[in-house]
Amino acid sequence: MSEFFHQYFDFHVMGAHFSEILDGFFKNLLVFVVAALLVLAWGLALALLRQLPGRKFLPVRGLTIAYIDVFRAIPVLIVILLISGGIPFLQFIPKDIRIPHWFGQPDPYWYGVLALTLVYGAYMAEVYRAGIEAIPGGQMEAARSLGMSHMQAMRHVIVPQAITKIPAPMLNELISLLKDTSLVGVIALGESVLVGREVLAESFNSSAIILAGAMFLVITLPLARLVDYLIKRNQAKIARGSHIEVA
Amino acid sequence: MAEPMLRLQGVHKRFGALEVLKGVDLDVQRGEVVCILGPSGSGKSTLLRCVNLLEPPEEGEIFLEGKDICKGPGSGTGEQSWNLDFVRQRVGMVFQQFNLFPHKSVMENVTMAPEKVLGRSKTEAREKATALLERVGLGDKLNQYPERLSGGQQQRVAIARALAMEPHVMLFDEVTSALDPELVKEVLDTMRELASEGMTMLVVTHEMGFAKEVGDQVVFMDGGVIVEQGRPADVLDNPREERTKKFLGLVLER
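Those sequence lines, one after another, are chains A and B.
Following this note's numbering, the numbering of the first sequence begins with 1 at its first residue and continues without gaps.
Following this note's numbering, the numbering of the second sequence begins with 1 at its first residue and continues without gaps.
Calculated directly from the structure, the hints in this document are not laboratory data.
Possibly wrong hints are sitting among the right ones.
Facing chain B, from chain A, some residues (calculated, C-beta under 10 Å) [what the hints assert, rightly or not]: (1) Pro136; (2) Gln139; (3) Ala143; (4) His156; (5) Thr164.
Straight line, CA to CA, 20 Å or less: simulated EDC-like cross-link-like pairs of lysine to aspartate or glutamate [as the list claims (entries may be wrong)]: (6) Lys56(A) / Glu58(B); (7) Lys95(A) / Asp107(A); (8) Lys22(B) / Glu58(B); (9) Lys56(A) / Glu55(B); (10) Lys71(B) / Glu3(B); (11) Lys67(B) / Asp25(B); (12) Lys104(B) / Glu141(A); (13) Lys212(B) / Asp237(B); (14) Lys71(B) / Glu59(B); (15) Lys104(B) / Glu127(B); (16) Lys128(B) / Asp68(B); (17) Lys116(B) / Glu141(A); (18) Lys56(A) / Asp85(B); (19) Lys237(A) / Glu147(B); (20) Lys245(B) / Asp234(B); (21) Lys71(B) / Glu58(B); (22) Lys141(B) / Asp189(B); (23) Lys212(B) / Glu186(B).
Cβ-Cβ distance ranges computed for the label pairs, FRET-style [stated by the list, open to error]: (24) Arg233(A) / Lys22(B): 20 to 30 Å; (25) Glu147(B) / Gly15(A): 39 to 49 Å; (26) Ser121(B) / Gly54(A): 31 to 41 Å; (27) Gly138(A) / Glu166(B): 18 to 28 Å; (28) Gly119(B) / Ala45(A): 18 to 28 Å; (29) Gly249(B) / Asp69(A): 49 to 59 Å; (30) Phe57(A) / Arg14(B): 14 to 24 Å; (31) Lys212(B) / Met151(A): 38 to 48 Å; (32) Gly23(B) / Gly138(A): 27 to 37 Å; (33) Phe9(A) / Glu147(B): 19 to 29 Å; (34) Ala2(B) / Ala134(A): 42 to 52 Å; (35) His206(B) / Gly138(A): 17 to 27 Å.
Bear in mind that the values here come from a model prediction, so they are computed numbers and not experimental data.
Beta carbons: idealized from backbone N, C-alpha and C, even for Gly.
Excised from the complex, chain A in its bound form:
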């Protein structure tokens, strides 16, 4: 048993590498924050494209649905590898974009942010869609009958109501996103799990990886509790017969 504890919970190893792991975890958070903002925007854009009315927009809806389906159906890791292993070699793209070093962040950082945005944007589009479809059709009709265009109705009437119904599923996606920032380690961004793996490789001890996992838990566990609270509060609202959220 003590061998098990030594392998996974060696406090000397944890202490020796604490600041490296923490630095790595800040990189996870930095990927997360920027990707999360982009995901929230890109997901909404996709959801709106998917809701465009009429025959004219059939191709747009079709392409959007195809995009959402494909990016939800392939592993994030594949997208990360295809972007980081492909874009740098596409000579027709200007070098500053092909190999970005914006805001002092290295290119693997931006490849990771892009890959996560592409994939999680698709997931988030489905969350927005659930919220939009939960709004009674009469709201759109009332807005249209007052002369608003489809997009005005979406912006002023439908979306503001839709987002109040989806905080729980939205947070769930963001929790997944934070966890998947660890995948960017495979393209040599020095995030916490990659640092932990380096420690494992030189010391044959897993404690540094446990430490990285613990840092994720500090953020994700309270968020998971928050999701639970939001769902419970929503159920109470439904029981009282007022707003309905999409759980």
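Following the hints, put chain B in place on chain A, whose structure we already have.
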């Protein structure tokens, strides 16, 4: 006679294989109140929704102030892209379920469209909304949210919201059907007042008393066609058609 405010000619509306309107002709004069009666599924709500192009008809013509609103690019395809501004700025609609915007205050419900669609300034829109809400008896509810209001109050806000766009025609789609009985009167009174001010109104209703008192014309629909129409006293008291008699018998039996 002057050009009718609204003229429907051979209007057909289908939902897939289901034909809801099977050729409707109707003239509505300026300032006239037309009450549309009929059993559920007779197409009366669909008729209203055709008039403001929420459900564009597949066949037939609708003339609004002499202009054919069914003609133009995209007509008949189900695209809602033609003549929409012309129609929606002239035709206001009030719904059975009120459809107030629950995330906006009473005031914002009324000012939203004038600001966003007509480009009115906030001050101007608020002044107008205040006057309208006072007129429907809700001057003290400006900053309330819809869920705090009774059904009758919500429906009066919905009427004020439609009036804020200065429509030439108002459509009322069973606006008292979702209300508790004691709240019906306040909404009907608001509509009475509007009629007396000369608003052109198309009113789908089950309120026979209102139709008789306020209506200039009563239209009885069944099975997607107009079965009988005429002055309220004629249609309601001396119906000619069997279907009208049967329907009125069932309604008045209550």
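Status of each hint after checking the structure:
no. : hint                              : result
1   : Pro136                            : holds (8 Å)
2   : Gln139                            : holds (6 Å)
3   : Ala143                            : holds (8 Å)
4   : His156                            : holds (6 Å)
5   : Thr164                            : holds (7 Å)
6   : Lys56(A) / Glu58(B)               : holds (17 Å)
7   : Lys95(A) / Asp107(A)              : holds (11 Å)
8   : Lys22(B) / Glu58(B)               : holds (11 Å)
9   : Lys56(A) / Glu55(B)               : holds (17 Å)
10  : Lys71(B) / Glu3(B)                : holds (19 Å)
11  : Lys67(B) / Asp25(B)               : holds (16 Å)
12  : Lys104(B) / Glu141(A)             : holds (16 Å)
13  : Lys212(B) / Asp237(B)             : holds (9 Å)
14  : Lys71(B) / Glu59(B)               : holds (10 Å)
15  : Lys104(B) / Glu127(B)             : holds (17 Å)
16  : Lys128(B) / Asp68(B)              : violated (31 Å)
17  : Lys116(B) / Glu141(A)             : holds (16 Å)
18  : Lys56(A) / Asp85(B)               : holds (19 Å)
19  : Lys237(A) / Glu147(B)             : holds (13 Å)
20  : Lys245(B) / Asp234(B)             : holds (12 Å)
21  : Lys71(B) / Glu58(B)               : holds (11 Å)
22  : Lys141(B) / Asp189(B)             : holds (19 Å)
23  : Lys212(B) / Glu186(B)             : holds (18 Å)
24  : Arg233(A) / Lys22(B): 20 to 30 Å  : violated (50 Å)
25  : Glu147(B) / Gly15(A): 39 to 49 Å  : violated (56 Å)
26  : Ser121(B) / Gly54(A): 31 to 41 Å  : holds (32 Å)
27  : Gly138(A) / Glu166(B): 18 to 28 Å : holds (23 Å)
28  : Gly119(B) / Ala45(A): 18 to 28 Å  : holds (26 Å)
29  : Gly249(B) / Asp69(A): 49 to 59 Å  : holds (56 Å)
30  : Phe57(A) / Arg14(B): 14 to 24 Å   : holds (22 Å)
31  : Lys212(B) / Met151(A): 38 to 48 Å : holds (44 Å)
32  : Gly23(B) / Gly138(A): 27 to 37 Å  : holds (28 Å)
33  : Phe9(A) / Glu147(B): 19 to 29 Å   : violated (53 Å)
34  : Ala2(B) / Ala134(A): 42 to 52 Å   : holds (47 Å)
35  : His206(B) / Gly138(A): 17 to 27 Å : holds (19 Å)
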